[in-house]
Every structure is written in C-alpha cells, then in structure tokens.
Amino acid sequence: MSGLSVGMFLFLVSVGMSLIFGVTRIVNLAHGSFYMVGAYLMVTLVEVLPDRPWAFWVALLLAPLGVAMLGGVIEIGLLRLIYRRDPLMQLILTFGLILVIGTLVLLAWGPDNKSVPRPAALAGSVRVFGQPFPSYYVLVLGLAPLVALALWLVFYRTRWGMLIRAATVDREMLGALGVNVAALYTQVFVFGSALAGLGGALAAPTVAVALGMDGDVLTTAFVVVVIGGLGSFAGSFISALLVGLLQSFGILVFPAVSIVLLFAIMAVVLIVRPWGLLGRPEQ
Amino acid sequence: MPRRIHYGTRALAILTGLAVALAAVGPAAAQSKAPIRIGEINSYSGLATVYTFPYKEGLLMAAKEINDAGGVLGRPIEFIFRDDKLKPDEAVKAARELVGQEKVDFLAGCISSGVGLAISAYAKDVKTLYFATHCQTSRLTWDDGHRYVAHTTNNVNQYVRALAKKAAALPYKKWAHISPDYEYGHNVWEEFIAYLKQLKPDVQVSQENWPKLGETDHSPYITALLQSGADAFISSVWGAQEIAFVKQARPFGLFEKVRFLSASVGNPDELDPLGKEAPIGAVAPGFAWYDDGMQKRHPKLAEWVKKYEARAKKGPTLGASWGYASAYIIVEAIKRAKSAETDKVITALSEGYEMDFPWGKVVMRGCDQQAVPPQWVGVVKMNPQGKPVLADIEETHGRDVIKSCDEVAKLRAAAADKKK
Amino acid sequence: MPRAGWLGLLVVALAVAPLALPPFFLQLLTEIAIVGLFATAFNLLMGFGGMVSFGHAAYFALGAYAPALLVKRAGLPMLLALPAAPLAAAAGALLFGFFIVRLSHTYFAMLSLAFAQIVFTVIFKWKALTGGDDGLLDVWPPAALKSPAAYYYFTLAVVGLSLLALRLIVDSPFGYALRSVRENPRRARFIGIDVRRHQLVAFVISGAFSGVAGGLFAFYNGSVFPDFAYFTKSFEPLVVALLGGVQSFYGPLAGAFGFKILEWLVSRQWPVYWPLFLGSIVIVVIVVLPYGFVGLAGGRPWRTRPAAKA
Chain A
1 MSGLSVGMFL FLVSVGMSLI FGVTRIVNLA HGSFYMVGAY LMVTLVEVLP
51 DRPWAFWVAL LLAPLGVAML GGVIEIGLLR LIYRRDPLMQ LILTFGLILV
101 IGTLVLLAWG PDNKSVPRPA ALAGSVRVFG QPFPSYYVLV LGLAPLVALA
151 LWLVFYRTRW GMLIRAATVD REMLGALGVN VAALYTQVFV FGSALAGLGG
201 ALAAPTVAVA LGMDGDVLTT AFVVVVIGGL GSFAGSFISA LLVGLLQSFG
251 ILVFPAVSIV LLFAIMAVVL IVRPWGLLGR PEQ
Chain B
1 MPRRIHYGTR ALAILTGLAV ALAAVGPAAA QSKAPIRIGE INSYSGLATV
51 YTFPYKEGLL MAAKEINDAG GVLGRPIEFI FRDDKLKPDE AVKAARELVG
101 QEKVDFLAGC ISSGVGLAIS AYAKDVKTLY FATHCQTSRL TWDDGHRYVA
151 HTTNNVNQYV RALAKKAAAL PYKKWAHISP DYEYGHNVWE EFIAYLKQLK
201 PDVQVSQENW PKLGETDHSP YITALLQSGA DAFISSVWGA QEIAFVKQAR
251 PFGLFEKVRF LSASVGNPDE LDPLGKEAPI GAVAPGFAWY DDGMQKRHPK
301 LAEWVKKYEA RAKKGPTLGA SWGYASAYII VEAIKRAKSA ETDKVITALS
351 EGYEMDFPWG KVVMRGCDQQ AVPPQWVGVV KMNPQGKPVL ADIEETHGRD
401 VIKSCDEVAK LRAAAADKKK
Chain C
1 MPRAGWLGLL VVALAVAPLA LPPFFLQLLT EIAIVGLFAT AFNLLMGFGG
51 MVSFGHAAYF ALGAYAPALL VKRAGLPMLL ALPAAPLAAA AGALLFGFFI
101 VRLSHTYFAM LSLAFAQIVF TVIFKWKALT GGDDGLLDVW PPAALKSPAA
151 YYYFTLAVVG LSLLALRLIV DSPFGYALRS VRENPRRARF IGIDVRRHQL
201 VAFVISGAFS GVAGGLFAFY NGSVFPDFAY FTKSFEPLVV ALLGGVQSFY
251 GPLAGAFGFK ILEWLVSRQW PVYWPLFLGS IVIVVIVVLP YGFVGLAGGR
301 PWRTRPAAKA
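Residue numbers (my numbering), protein chains in the order written: chain A, 1 to 283; chain B, 1 to 420; chain C, 1 to 310.
Please keep in mind that the hints were generated in silico from the structure rather than gathered at the bench. Predicted, not measured: the structure shown is a model, and the values here were computed from it. All clues stand as given, with none of them false.
The following residues of chain C were derived to be distant from chain A, with all beta-carbon distances above 12 Å:
| # | residue |
| --- | --- |
| 1 | R3 |
| 2 | V12 |
| 3 | A74 |
| 4 | L79 |
| 5 | P83 |
| 6 | P142 |
| 7 | A149 |
| 8 | A150 |
| 9 | R179 |
| 10 | S180 |
| 11 | N184 |
| 12 | A188 |
| 13 | L200 |
Lysine-lysine pairs mimicking DSS-like chemistry, simulated, CA-CA at most 30 Å apart:
| # | chain 1 | residue 1 | chain 2 | residue 2 |
| --- | --- | --- | --- | --- |
| 14 | C | K127 | B | K174 |
| 15 | B | K127 | B | K33 |
| 16 | C | K146 | B | K124 |
| 17 | C | K72 | B | K212 |
| 18 | C | K127 | B | K418 |
| 19 | C | K127 | B | K212 |
| 20 | C | K125 | B | K403 |
| 21 | B | K296 | B | K361 |
| 22 | C | K127 | B | K419 |
| 23 | C | K260 | B | K103 |
| 24 | B | K418 | C | K125 |
| 25 | B | K197 | C | K127 |
| 26 | B | K212 | B | K197 |
| 27 | B | K124 | C | K72 |
| 28 | C | K125 | B | K174 |
Residues on chain A that point at chain C, a partial pick, calculated with CB under 8 Å:
| # | residue |
| --- | --- |
| 29 | L78 |
| 30 | I82 |
| 31 | L88 |
| 32 | M89 |
| 33 | L93 |
| 34 | I98 |
| 35 | V100 |
| 36 | G102 |
| 37 | L106 |
| 38 | V226 |
| 39 | F263 |
| 40 | A264 |
Even glycine gets a Cβ: it sits at the ideal position worked out from N, Cα and C.
In isolation and in its complexed conformation, chain A is listed as follows:
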C-alpha cells in the first residue's frame, strides 16, 4: 500500500519533467527547484490564508499557479533564447537555475525548516486490511490517477494534446505546418512547471519544507523519468510505481544495495533501451 502511494507521489513529481523533455528536449534539472518553490509557496499560502478548512485546498491550487508563472518567466526570458543551440546547453542552464533558485529561496524564506500541517480531515488514518493507512495518502492515491487521467484526456482528446504529441515526434514538420511551436514550448514548459509545483505543494504536508529538498527529489524524479522513458507519460506512471515499490520493499530486502540498485537499473535501462520502457526512440 505505502509503496503504491510513494509511486503515485513519484509520478506527480516526475511527470512534468518527462512532459517538458518530450516536447522541448530539455532535461530540466531545475525541476526539483520548482518542486521546492511549490512547497515553500504552500507554506506561505497556508500561513496567509484564514485558518479555515478550505484554505488548504485553495493553497493547493494557487501554489502550482505560482510555480507555473515562474516557469513561464524562465522559459520566455531565458530558454527561448537558446532553443537553436545544442539541447545540452539548456540542460546546463537549468543547472545554473538550481543554484540561483536555491539561494533565492534561502533569502526569501530564511534558513529555518518549515512545515505545512495536514488538513484536519486528513490528519488521521483509515484501516485498510486491518492495517492503519494515513488518510492523506488516500488523497494522493486518488489524486494521482486523476491527474494521469486528466493528462490522458488532454493528450488524446484535445487539439492541444494532439499538437504536443505531434511535437514529440517531429517538431520541424509541425512548425512547417504552420503551428506556432515557440508558443507551444512555452505552454508545455509552464504546464510542466505547474505539475512540479503541484508535486511540491502536495508533498509539503508529508515532509519538512527545507533547503535541500530540491536535490532529494531531483535524483529520484530523474531516475523515474529515465527508466520510464524521457517524454513518455505512461512510461513515467509505470516506472514511478516500479520505483515506489522497489523503494518500499527493496529497502527491506536488500538495504545495503537499494540505492545502488536504483541507479544500476537506470543504467541498464539506458544501455538496453535508452529511450526507456515506454519511450520512443529518436529518429
């Protein structure tokens, strides 16, 4: 059960990274930083909003929007200037962003650890097969498939989704057909950032909101995205579940090697199927 909810968390946290790569070919290393900003915004929003039951949900909605705006500014102000260059340059730029955002968060929120209390209705636990299971994880277990479903609907049932899928296959052709690819990139980057922010906001009540949470989540999200296939959102879903389960059980079965195992699996996937379990090989 807990492995399942961990997997769902991982999915929410990593799917945005995968989406951004799929369309723009940017490996966004600042994804963890966006996640951190989402969590810190959640802290501030919960503090600022009146102490009512709805405040948590409003904050959960607003925090990702804030991160989406940040993502938009970065995409338009920086990344757009270098799309013509080697994609690795963009990757390095996002590494610079990690340092910048990390310091700005320290300056804005100070060094102290923060925390967001769980909403009262979800503070306790429910019984599942006679075992206690935290209610908040029920929310996550419910929300993640909803997000996955929503993404699926967007991708496969809207024109915008069709364009995105087209962009992952052949961007030049899409541009030649008169689609404004630059605008599409911005939209996707903003959308992916919002998902990172949502991951951070949703995780905030279960962890400490603290400096350094960007790095912790980056490595795991990275592994999930690479195993699932950069750009494949179904791949992210399955690989998040796999990694979640591996973390939950693997840790108990082979504690000494579990982290090495994670990276080893990532390496093996890259060697055998570089495009990931469900990704698509590049032309």
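With the hints as your guide, set chains B and C onto chain A.
Quick look at chains B and C alone, frame taken from chain A:
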C-alpha cells in the same frame, strides 16, 4: 582554430601576470597590539544555515562581550569567517587560506563531522591549534585525537549516553532503532545500545532500520517498526529528514504503540515547524532554556536568553549556546596560557579547566581537550499556548557519563595500531 | 607578440611565481592547475569530441581514491601510488565508457551521470574500504614535496606534461578524426573512421587525465572524500570549460583560472551569495557568450550559431 588558441594563451598569460602582481602586494604583517585572529570555518551557505546562523549569532555575541570588556591579554579577538559549503575539501582549502594568508592564530568551526575531521588532520599537519565547535563526532578528540585539536562542545558519546541512561530507567526491554546510514547514524546507535546494555544487561535488539541520509519517504521503516514488537526505539535521523519521519509516522499511530526516543527531535529547528504534529511523549535531549525548572536551576539563564533575543530577534538554540560558549572557552585557554602562542595555549588546555556558563558548568577536560558540559533530557509536551516544548527536564553532568581518560587512551592506542 | 612569446611569458611567470607569491596563492595556483587539467581532459570530449559527460566526477574520484587507498591501506609512498590514479580512472572509463559511447546526445549525458552516481554510492557506502562519509585523511606527499612551493612545481610539471600529451593527441590524426566524428559522425563513418572506437578511446584518455587531476588533488588536499564523485562535482569541469570557452584547447585553463579566483573572492566575502553568483554566471555565459571569455578576448562576434551537434 590556431587563432582562438592564440587568444587563450594570451588571456591566460595576462591573468597570471595580474594575479602575481596583485598578490605580491599582500596584506602587511600583523602588529603587536593587533587582535587575536581566529579563523572560523563553517557552513554559511545552503542547507546547514538553519544551524550555523544561530551559532554565529552566539559566537559574535560572546566576542562582542569579550571585546567590550577589554579583550584578552589586552588584545581584542577577531573571528574571520569562511564558508565550507558543507564539503571537507572546501574546508581544508579555507583552513589553508586562513593559516597561510590571513595568518590567523587559531582555527575554529565545523558543523559536519567530515569537515571537523578534515580540518583537524590539516591542523595537525601544520601545527596550528584547531577548536572544533559545532560538529559532534567523538572521533575528533578520541580515536583521531591529537594535541592540535580541542573540542569546545558536546560530543556524541555524552548526549547519547545521557539519553541511554534515561532509557535504562524506562521499563522497556526490546529496542529498535532508525538511523541514517552514514557515520553519525552508526555512531549514535552503537554508543546508545552499548551503554544501555552496560546499564541494563537484559536489553534486546528487536529490529534495525537504516534509511539513507536525506531519504524523504519513511513508510517502509514505519511499517517495520510497527511490526517489530519493540517496546521502544531510538532515532538518530535529524533535521528535515526527522521532521518528515515524524509527520509520516504520526498517522500510523507509531508513537502511541512504540515509545519514541530521539537524539534531535527536542531541538527547536524540528519542534517549531512540527507544531501540532510534534511527537508528544518523545524522550529527547535538548536545550530547554524556556523551561521553568531549567531557569530555577540556572538563575542567570533568563537574563542571557533576553540578551540573545535582543540581538538575534528570536530565541536561542543549542547551537547558539555552543557558539557563545566556544568563544569563551577559546579565550579562557589564551588567558590561562598568558599568550596566544600555540604551544602555550595547548599546555593550558592540557591542564584542563572549568567555566561557569548561564546554563551550568562546562569542564574542559585536559587529557583529551574535550568539553564536558551538562546534559539535559526531557519529554516533548504541548505548552498551554499549544506549542511543543521539551519539558520534565532531567539534568546529568557529562562527566558522570563520558568515557574516562583511560578509556580514551585505549581508543587512541587502538586507532594508532590500526593505522600500522 | 607571437604565440610562442606569450607562451614563454606564461611559463616564466609561473616559474618565478614562488619568488613573488605568498604560499596561499601558490596553493591557489596549484588548485587552478589541477582543476584546469580536469577541465581540459573533460573538454577533450566536449570541445573536440562533441560528447558531454555529466559524470566525470567518477574518474576524478577514482583517480583520487586509488592512490589514497594505496597509501593508506598498502603503505606505498606517494610517488609509487600516484600512477594508480590514471590507471584506475582509465579502467573505470573503459568499463563505463564502453556502454556510454553507444548512446548519443542527452542519453550519453544521462548514462555517464548514472555511472557516476553508482561510483559515488559505492564510495559512500563501502565504509570499511573507503572510510565512507568521513573519507580518508592524512594522505600527504613525502616531505620533499610537502611545501607549497614544492608541490606547486610538482603539480605544474605533471599538469604541464599532461597538457602537452593532450595537445599532441588533439593535433594528431586521431584528434582530427575525433573532430570529424563531432562534426558529422555519418560522414566520418563513410570515410572509414570507426566512430565508436574513436569515441571510446577519447573517453578513456579523458578519464585517465581526469584521474591524474584527481590524484594530484588527493595529495594536495591531504584527504579524499565521497564528494569528489558527487554529481555537483561533475558540473565543475563543465562550468569551467564553458566559462573559458569550449572551442579552444586552452579555454578550460583560462576558465579554471577565472572560476577559482572568482570563487575565492566572492565566497570569502558573501558566502550565501556565491551559488547565486555562480548560477547567474553559468546562465549568462550560456545565453550571451557561447565561446566563453576566451571567445570574448579573441574578439569573436556575439552571434549564436547552432553549436556542434553531438
């Protein structure tokens, strides 16, 4: 291609020349009435600032008091701060600059044990006295101890033993633990269980958990602890990671089913953010300056806290008290040596001395140059304002639990054997 | 002044530096030389081979740990232990590189990162051998090389010879074949170049010299730590090479110089702001200075053209 290479070489030559010229006119030599300079290396950027900022406040507060009162040996003291970026090699580099360029008289600092041990090894090599301050590994002055290192604050051995002493008084036989899988986590668990078994031979270990340092999801360990059959468990997970652990364990009712002891949950950097989600009933060491019993036992404490708050605009932490004490302990050694010369100060340190602080007596033990302060263990409770605090404080002094000088000598001999 | 003149001036300036500079600046120059070698070795891949590794910390760390372990665990003297640095690093680079060079672009970077994280985790976890988190301490050079000036000359000599070797490699037929692989792998294949093999050889050479840098750094620092293999360390040569300019052989050296001096100046005064500063510089260099500061010195027009495709 050759064109660009050409410019590269030229740029490099010009830059090198500039640097040579700049550095040749370095700072002038120190004057005789000049301040006593202490190079302070700590983690002043990034994620450890939650600890080092209050520590630095305490240190600067003491330095100001000392200098306002005329300094030491008629000379003011001055701290020159450097950031170690939480990396031992950066710390060694900073130490090099402080000793070689800034000509400091002493080195001080550290929050990470790795950093402390690295500076200590460097200090031994260049024969400069190093006062380790905020890091806590016992190896500093014991296994890896030498005459050029002194430790001005608590070490793991003392507060873990104080906690184990409290644990021995509790009616629990079967123990489990959760410790981050690196040096510190192993240290705490080994020291704890060894001392507990010494005090109470029928203690059993029912289950062990070793999450990685910085793990964010603890549910597998929480489940394992629930099913372990243990009566109690000790955690040496700390900081953000422990906050996450506590928040995740609460809904499982872990703290109601298995008694929780923790090496760090009693500190405000964890209790404050946890707020209503704090683990009530947890047994933990901590610096509960706000506690009535503490203030009664130490009448000067309230006034010190007021002074600190006026300066820092928030309440002190254990680290703040350590920064404050460290400055005074260093100055006392210089005062006793009647000199800032390394060898004389080491002689003063090796003779040992005691100092009174607003929170009680701190012994600087001569044989290992290790500070032995009072130890407090309390229980996490809610105060009437609904804030979690450490209450029911029991005080033992470090000297009642710490390994003896003989034991330390054995540790050092064993470590020296191992090196050969 | 002709190129040889500038080079001569540089050599003379470096040779007399110990007469003019206080020890700390010699140590800073020592470190700059080591980082410069690391970045130049890295740039053999990036600048000349068009392969961007995000895991070069692994080879730096292997080069640091191998001689440190020989000194600490087998009691060898430094000069006998040091040759293990390039050997261990080259062995690691051969093992990992065999798989890494099969991939291109982003996946190349990802896999190199994954291997580096494995190396990091093993070093961090294998406490009995590596000392885990606390690292290995007291790894000092012999007395004759211990003084800042002596180790400075020693480093300069080793780095100088390494750079000469790298320079010869870059200018050799192999170096030109490597460039052609960078510019157009398909065409390179048509004219009979074994692309994979060339890439792998370059990877191993680059790894070996990264290992030399790691070994020099171990004895300079007197200790080795798992940090050496952490992914943030992998970004160091990348940032340094970018700062200096990846298109030029000496760019990374100039970058190392600028980077270390800047770091020293900013970090001692405003530690909190250093990451902000570094991050901003990385961003600015990528956006407006694709040829780094050396490109600027060379009067390159500020135009962006698609960089060499990997």
